[in-house]
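Starting from the known structure of chain W, arrange chain Z on it as the hints suggest.
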Amino acid sequence: MNFLLKKKKPALLCPAGGGTSPQHIKINIKQIMRISAVIIFLTGMSTLVLQAAPGKAQALDQIKVSLTVVNEPLSSVLKRIESSANLHFVYPSSKINNLQVNLFTVQNTSVEKTLDLLLQPFGLIYRQIGDNILIDAGKKNAGDKVMASQINISGKVLDESGLPLPGVTVRVKNSPKSTVTDNAGNYHISADENDVLVFTFIGYNQLDQPVNGKISINVSLKPSLGQMKEVVVIGYGTQTRKDVTTAVSSLTASDVNDFPSTGVDKAMTGKLAGVQVLQPDGAPGAGISIHVRGTGTITAGSDPLYVVDGVPLSDNDINGPGFKVNPLDAINVNDIESVDVLKDASAAAIYGSRGSNGVVIITTKRGKRDKVDISLNSYYGIQSVTKEIPMLNATQYAQLIYDAHNNTYFNQLAAKGLTGSATDDNATRLSKLGASPTNTSLAYLLPPEIFPYLEGQKGLTNTNWQNAIFQQAPMQSQTLAVSGGSDNVQYYISGNYLDQDGIVINSGYKRYAGRVNLDAHYNHLKLGASINYNYGVIKYDNTEGAFNNGNNNIIEGALVASPFFPVKNPDGTYNYSQYAWQYSQSNGINPVALAMLRTDVTNEKKLLSNVYAEYEIIKDLKFKVSFGTDISDFNRSEFNPSTLPNPLTLTTPSVPTADYITNQITNWVTESTVTYKKRWGDNSLQALGGYTLQKEMANATNIAATGFPNDLVKTINGATTLTIPTTGNGINEWSLLSGLARLQYSYKDKYLLSAAIRADGSSRFGPSTKYGYFPSASAGWILSDEDFMKSIEFISALKLRASYGVTGNFQIGNYAYLSTLSPSNYILGASSGNLEPGLYQSTQGNPNLGWEKTSAINLGTDISLFKNVLNATVDVYSNNTSNLLLSVPVSLSTGYSTQLVNIGKVNNRGLEVTLSNTSQLGKFKWTNSVNYSANRNKVLSLGGQKSIITEADNVIYFITEVGKPIGNYYTLVQTGVYKDAADIANTPAKVPGAQPGDFKFKDVNGDGVIDGNDKTITGNYQPKFTYGYSGQLQYGIFDLNVAAQGVYGNTIANIAQRHYNSTESYANNTTDALNRYVSPSDPGNGRVAIADRSETGLNAQISTYHLSSGSYLRIRDLTLGATLPQKMAKSIGFASARLYVTAENPFTFTKYNGYNPEVSVESNPLTPGIDYGSYPVSKTFLIGANLKF
Amino acid sequence: MLSCKKSFLTLLPQSQATSAAFYKTTADITNAVNASYAPLQGMYYGTFIDMMEARGDNVENLNPGANAGTEYNIDQFLAKADNTDIQNTWGNIYNGISRCNNTLIHLDVVTSATLKSQYEGELKFLRALHYFNIVRMWGAAPLVLSPITAADAAKISRSSVPDVYAAIESDLTRAISVLPVSYTSSADLGRATQGAAKALLGKVYLTEAKYPQAVSVLKDLIGSTNAYGYTLLPNVASVFDVNNKMNAEIIFAVRFNKTIANQGHGLPPYFNQPGLDPKLISAYQPGDARADLLNTITLDANDKPVKKYYDTFDPNTKTLGNDFIVLRYADVLLMYAEAENEVAYSADAFTYLNAVRARAGATTFSQTDLPDQASFRTAVLQERRLELPLELSRWFDLIRTNTAIAALKNSGLTPITIQAYQYLYPIPQTELNISTNKSGFTQNPGY
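First to last, the sequence lines map onto chains W and Z. End of the first sequence sits at 1189 in the working numbering; the numbers just go up one at a time, nothing left out. End of the second sequence sits at 10447 in the working numbering; the numbers just go up one at a time, nothing left out.
It is worth saying that the hints were derived from the structure and are not from the lab. Take the hints with a grain of salt, since some may be wrong.
Claimed, not checked - Pairwise CB distance ranges, derived in the manner of DEER restraints:
(1) W:Thr440 with Z:Thr10378: 36 to 44 Å
(2) Z:Ser10160 with W:Thr440: 49 to 57 Å
(3) W:Asn954 with Z:Gly10412: 46 to 54 Å
(4) Z:Ser10146 with W:Asn1013: 35 to 43 Å
(5) Z:Asp10241 with W:Thr440: 55 to 63 Å
(6) Z:Val10109 with W:Asn1013: 46 to 54 Å
(7) Z:Asn10410 with W:Pro992: 20 to 28 Å
(8) W:Thr423 with Z:Ala10248: 29 to 37 Å
(9) W:Ala982 with Z:Gly10412: 27 to 35 Å
Think of the CB as a built atom: it goes at the ideal place given N, C-alpha and C, for glycine as much as any other residue.
Only chain Z is shown next, with the shape it has when bound in the complex:
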């Protein structure tokens, strides 16, 4: 009777798997790794555009009433700790981290040693990317490197910025050592590669102002003799061509396919008839192919995307299918040029800055144009603005170079006076409310 009772009342879900039965086979881990990439889709075509692009001086939010001002407040530096976009961004990233953590502890079930290292590399790359985004937006942050219970999470402290960076560097270093340069099967195109890990580590070092290390790791990716095969496409527009995905310039991209349900994306507001800074538009030289990428194309009455993100809606899913490029070769070249200039104002720096300009059809710089390290520094920052608008680079470039206050004041859009504390976002209020660690888990100053 007792056993009868037990089975009558023990009903396990038939249409939903439970985690107790998961993480048991290589195939399970493959699934878990795939699922670790998936949150990137929502981030890069989601709140990241507000948090990383609109925050800067390229675009402006003209709709204070929309979504209770959530986006407007981020753009206009009015956002407080209760801003739901800030909270969602934080939550989505930590969700991405937890997927990596939950999978990393079960890698031993993978029978193939090669596959096991590859998965470790992919997951550590993704985790590093997540923490890099976190540390750039919030500074010190809880460093969760293995699954954590709610009770433990309530007690956690914010790890210092150097500690977070150390973890990022450690993950990326490990990723570089175990990830393949490229995958033998084209079906794996889109997975993190050794090149992606190096490019990301280069960006991390640059952000940390560890210039020699940045030069060192980025150098591997450039030049004609490198093993990675990255190159600048002759026509900059074809880098973004939706029919030319994962081309030779792309190092890491978030993948989409609009013909598959839930795998396309919408057209984000800032990519749709953006209110772009007129000073950015006027900064392009005549004939600079990059200027045209910011012109809009009419899809329909409401949807007029910039050419950089042009795609037609799939009639069935009503979504677009552009990949979101996270790391590309032109970025690597500009990062290298910038780091190299900081190490030594050298010809090498000019070579790669000019490579990017020449490809776009802009005139190249000589040592006469940029006679010293400081002028080169200004030029490479401006070049990054011209090369990478709407690619979520600008805001981090401004804070990394401590030029954000001036840039927002001098914007061709509504000028905004900001303070240095606003380089960081407020920690979501909900996190502070839940934390029982009142000394180790504090709000960023100013908020």
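If we strip away everything but chain W, and leave its shape as in the complex, we get:
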């Protein structure tokens, strides 16, 4: 930091154009203040304020002086120079006044040279600011503060379009000092006058700006190529985007924070190529499912590994509240700094055995030096159902029942050679068909409820059950965060309150979350912690599975419920007429009563924490040790009160029942790593080595209780009988011990190489197969840095990447390699007998059970065109998963049906493209990002089997066949309906017993008969491609954000339709039934079957009739924001303020006939894409504010 006068290049100096008297200086003070130009502190001097008139100061090497001095005070010599050169000297008089110049002569010498010669003997130095020349004592020792070394610099950072850029880190090179620009892009920092300021901002090129003594430095940053300078978290470290050689997709804080959403998973939707984020269940608090590059597994789990602040989260699917909780739900979106998804095996291999399904790394915000930030993010909104399914009204439904029961009557008469009339009353029907005169359960009887409707009476009940169960539901979220710090300690503290009512009545989610992130350094030691505590309360409505058979799905229950019955009786009690309905009609429990009267509350507590210590042993050699936990604890209490009927009573009061489920999951991980960085010449090397231990213990209790005397006590202690189900209880553990190493090398910063290996040992595998080794390597070439590329002007940057890696999958049961016993009790003894305990070997273990491995190759390029206007990232990959953990059917004569073995192979290959551009037209700034990904999944081997046929929900079949994708629907193919008897006669392959109006099917196996053997592959839930768009339009203070996600070419099995879209009439139907077959002269639309309460064909078998296109385009978010001008914000007390309105899920374009095309109630990879009436996704209108104080 020596003030080397001679090396100092002359700045643009011109005469001040005015006087230089002290008076003049004083006058100028006001001017200076007004234009906020310069404030200079001269250490050791009284504070002086000087004018710098940019562009006018004289060049000292241009002004020549001649001077002869003999025994004169220095101050007087300076005055002579002042007068001859029209300059002004400023100095601490105490240091100058007693100095005497003995002998000094220059002749026509530049002022620069003159001053050098004059001042050096006194140990004085000088520098020029405008026409003023500051003189002070020179620096003697390294630690000494020297004249003018510290100046306060301020300025503004603009983006490439001239708009202020808030949040830019401004750092003094080689110093701990840094600051961040405010919302107007302004910054203040103190620095040495010949320091270099470094401006960094994610997505922009770093700018190194020498201070050169300037006190006002305005800069404008240029966007980086495909965000090449962005810091990417790669697992056990970070890398700049430029150096990344693997396939990693990233989101930054602004990507996730500009859209209000209840979870990071939702904020990710549609924004990352190759990452499919699905929201299969709209229930408040329910998780999403994330698929990275298709499904590579069949039996093991297909969820990615989630790593939050370095802690790999538990893979325990907590099904506590009745649905799968996504582990990310505990993270407050506003706390997130970045989300990075490691997509290819090379990137994920550092997570070894858990990387096969990709790795999602979440990094939360940390405090920054010198800057206290207090922010409040707040929103309020109203949610409503995105869609209602059009159902028959009461009159239409009455007509359907009338037709259906009559057609049954006619068929049964015909079978006995009898005839009858639609007008026959029930007594006549019973007597004609020889049944007991008191029977009220037969399908050919007419329910008396329908007659008033058929007669067209006025004022009858016509309940819209969907309206009855859906509501406009409010939600709000408040996050208050404080961050800041000193040089030694930085902190980020936040608190969040989320309160979301569900769009289905009596469901909702409340969450209270707090986070503290701390970092402290002292010398070479750095300590830190991230602690996130979360308390959530979920009020759950059962919305999955069928409406009947004890499932009591409220959604399907509302769809099938008859509009004849009211929600409540006149006395205010719930109406259960439907449940006790006779005449072969369905018996669902009033869905409103189910939602309102059942208690089903889950309390969950989650502690995510990580504490670390890092020590820099020698320069750039760091040792880090960390300890993290993922502790979750939930309890769920269910109570069915006596006011809800049960299958025995059909009416109330019933015997109340309750369930109490708890689970405590303690997952800890400790990691020790050593990292070393070295740069020499053109070489750069980074090395990482370490080992980790992780262990999880889950302790679950599940108690069913019944025999409550009444509804007064709802907890299980009020019960008379407690039973413990054989499943869902007990302790489950796993452990993982790993060693890892990685080497990253680059030459000339354009040839990049990386290699890593991880060895994992897992308790889940057999003694001889516990350890797995997961190597990877990748390379990158920044082609655009080559000389021969520099002439190609339209290419601003071009990088080629290639990688190969091996990852594993250990998401199988904890003890699958062992033969285990199960209880199987029996009754022996006199009279009713007693329970005698029994145990048998229930699984056939496999001591050789080992890792499922995916080896993957990825080729990619990042390219930036036309001076960074257009950026593109393209990846192609091929993943081969082998040693599939497959539950293979074994000969049943062993006594077992399946055995878990390592067998089989699956290939996923695909293409991912992300295009982004930024354009500006006047005050309009427009950024766009589009992503496209296509994945093809193919089973290469099933260990000798040709196919696996799987049944789900007892009604639908799937086939996974070699050479085809995993999990194809395997159903009959409906080709229409039989028009008349002649049509049946003329159709070669018939459905046995089919009548006109029944479904016609394709004779797939050509055996001349239509039966279960005519099932064939009829579609798959995996899309042909997915795409996403996010865009931002800025105009002045306004910003408009759009995010959309689309899926094309998949099929959904909407099997709930077998109830609400079957013309059997026992349940209400969609308006499709209006197009049903009635007679040869009124054949309907040729697709919908005849109404018949006892169907005669195979209409109810799941066929292509129940499959629906799953393609959709959903506008996920539409946000209009306004950032208040800073003045206005300041005037009302904020540092900055942004207000916005958001529409979440405002539009969905789809032909899908259920509620939500993202649905899949099954988590089994073999049986995806089933809709059995899940919780609809809501559309939400929000207003919110992001405020900073």
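Below, chain Z without anything else, positioned relative to chain W:
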């Protein structure tokens, strides 16, 4: 360090026992034997009703759409090798067999010689019952008499029908020699007894048309001087009374207790407002107490069981608790009468046929009514239909006497024309797919 690693990664289940630590003590074997009975519960109140009762002419399935037609197809002889009920039945029985096999090889740990023989007898009785059901439904079948690996099972052949029967006879003969006539402790009521083994062996011989052997083994169980104490209850309805379990007429029953979780059963479709053959109903004489057992009782709007299987739902478990009677004395008497008639058209045969009729309140037969062996044969078959409907006897009686084709054609229900190959079920397709023994493990003809 290495040992530290080993223990860190060696986690044995704490809430689930592993088989490596099992089969070590007498108590373990007691548990294993108990667990060998348990699969019977799912069979007899499960798919057996489709496979053994609905297949015959007593009841009819009226719901082709339910469960993708699985049950309907069995009832209507449309079932193919992919029928999941057929596959599940096969799998459940072999699971039962494997429980017996896994336990039989460890009996040496039982310290008491008496208990050891008793357990051997019980397990062999159960294994014989399983193979008897298998051979009657599928004919030739893999004969697995000790634990088998998946690799070996893939190579196994179907043993011939005589070989399977030989194994059944061998197991039952052994069971008869080691099982007690009755258990000293009433807590053991429900375990297989010597009488149960004899009654079953009698049924096996009858099915094999080994009439003299059937007469010989069944004779021990009947008459006033036998040691077993079996008798016809005066009132046939009380045999099925849920409050009169394990009564003197019952020889072997699958036990249930509805007040205990998972130990009750549901009301199977065919026992709930069954579509019974009108010809069966009309065949009862006026005053025949057995006719009323087929009338229904209303439990609730959906559940109207026949009186034979009447019980009320337990309010807590929502299940019923009837035992399922596998072997009872009236069956033994009719089997004896049938076998005796085949050996010699004798007065003895009339005695026991008439005993069953008289107890029900039906008129007895004289030699005038049934003048010859053939007419007696017809009468005893009809009597079995009247005595044992919904007791899983009818279908096997029809195929055993080779009368199934005619009976289904003449049914008062929807008449069905079947062919002789349909006396056997198809081998589940999944088993054929897995088998690598393409010559020794083939599908039944016709499928």
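Quiz item: Of the hints stated earlier, which fail here?
Solution: 3, 5 and 8
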